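Protein chains: 2
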Amino acid sequence: MRCNLLGMKFKAIVLDIDGTITHKDRRLNLRAAETLRTLNIPVVLATGNISCYAMAAAKLIGLNGYVIAENGGLVFTGYYKPPIVSNNIEECEKAFTFLSQHYKLTKLDPEYRKTEIALSRDFDMKEAKGLLKSQDFEVEIIDTKYAIHIKSNKINKGTGLRNIAKIMGLTPADFVAIGDSVNDAEMIQFAGFGIAVANGDAEAKKAADYVTKASFGDGAVEAIEYVRSKGCI
Amino acid sequence: MRCNLLGMKFKAIVLDIDGTITHKDRRLNLRAAETLRTLNIPVVLATGNISCYAMAAAKLIGLNGYVIAENGGLVFTGYYKPPIVSNNIEECEKAFTFLSQHYKLTKLDPEYRKTEIALSRDFDMKEAKGLLKSQDFEVEIIDTKYAIHIKSNKINKGTGLRNIAKIMGLTPADFVAIGDSVNDAEMIQFAGFGIAVANGDAEAKKAADYVTKASFGDGAVEAIEYVRSKGCI
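Chains as they are written, first to last, in our numbering: chain A, 1 to 233; chain Z, 1 to 233.
These are computed hints drawn from the structure, not numbers from a lab. Being a predicted model, the structure only gives us computed values, none of them experimental. Be aware that a few hints might be false.
A pair counts as met if it fits within one copy or between any two copies, since identical chains are not told apart.
[Unchecked claim] Below, simulated DMTMM-like cross-link-like pairs (lysine to aspartate or glutamate); rule was C-alpha separation at most 20 Å, straight line:
no., residue 1, residue 2
1, Lys-24, Glu-34
2, Lys-81, Asp-122
3, Lys-11, Glu-225
4, Lys-94, Glu-225
5, Lys-81, Asp-25
6, Lys-9, Asp-124
7, Lys-230, Glu-138
8, Lys-11, Glu-140
9, Lys-126, Glu-138
Whenever a hint applies, use it, and build me the whole structure from the sequences.
Below, the structure written as structure tokens:
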């Protein structure tokens, strides 16, 4: 593992919430919460969900309010601190209007969501992807298993990691990243060491340096214990 | 205890979040979360905090989205269900404008808060209370230790409990209530059996049928185990 070759340690951890430190049904994995509380390096939560969900999770787990929300659209370095906003929602709205001509789409948390659009998973996304290809919106449409997101194709958790690392005086290479979904792939790839949990989808696992044997929150616990056992955190 | 005298059991539990199922620093008490997961009756979270914080807590603990938020101003009976809104924020805004002539007040989560105003605890609330007495705003100002709230004097977690009980086909007497703060007093009083945790303030303890020996989340665990040991849930 890199950190041992160079004799350095990773300086922070960034991890996804739903599917990574939860159970399949999105209940917090309490062992994962307990493990995160034992870390003495900053822990960043990175989610496709809205910022107040991520901030609540950070507060309840007992973290410092380092949050990447809305798939990188919003980056916070503490509670009640103003976020860095990467806002391309106008482009997302154009794509939403276009797709609404073909499907009955239901927005999730529209009043809370600032930089992208999340939709109920009740339409044919693969077909919708094809329809979008015929247009030139600068967006991508992804399924995180919890929602379908229309997001800027320039913003993702990886760009969010770059932004928050810079503010923290670090680089993405200083981070261990743990995730499970297609929207975690760039973050896992940009990090110094990227881990996918066993339930992760192909894109997350392909980007990862290491894939856990255990799934969901138990996988995150295994991931942190693995990096710790190598003396890398 | 009532439930045994009548040979009935309580049908639901309503409890506060911060200070009641958390540690002092607002980290979720993991034993409390574990204990709540063992209950086979509905669990309602009742908080002075905003609804998306309460919903995130419900999701992460693994509850059904029964939530009383903003000190009774908002009542939800499930995720993504529209709330019952008891909205008196205009009256709160009048009181805020009046108090702003005397203090530098900082609103908390103003963009998320729909029915009341929460303020940083950085001004003399006792004095402010006195100033408000000279006015005829239909509001009260309370300190929950986490924020100072300007709220309607007609709305509280007790009225929220009445509202949610009705929708659930229950009455407040069917509930066990657990809390710690002045804003939990009415809920503790209206419930069939009211419990204050040891760290609770005088108003909460005065309203309670039972006060735990343990504080914060450990107190909530003790409270639930006590009611269970009596065969009341």
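Results for each hint:
1. Lys-24 x Glu-34: both (18 Å within a copy, 17 Å between copies)
2. Lys-81 x Asp-122: Result: close only across copies, 18 Å inter versus 35 Å intra.
3. Lys-11 x Glu-225: For Lys-11 and Glu-225, the Cα distance is within 20 Å only inside one copy (15 Å; across copies 41 Å).
4. Lys-94 x Glu-225: neither (44 Å within a copy, 54 Å between copies)
5. Lys-81 x Asp-25: between (30 Å within a copy, 19 Å between copies)
6. Lys-9 x Asp-124: neither (44 Å within a copy, 47 Å between copies)
7. Lys-230 x Glu-138: neither (41 Å within a copy, 62 Å between copies)
8. Lys-11 x Glu-140: neither (32 Å within a copy, 47 Å between copies)
9. Lys-126 x Glu-138: within (17 Å within a copy, 55 Å between copies)
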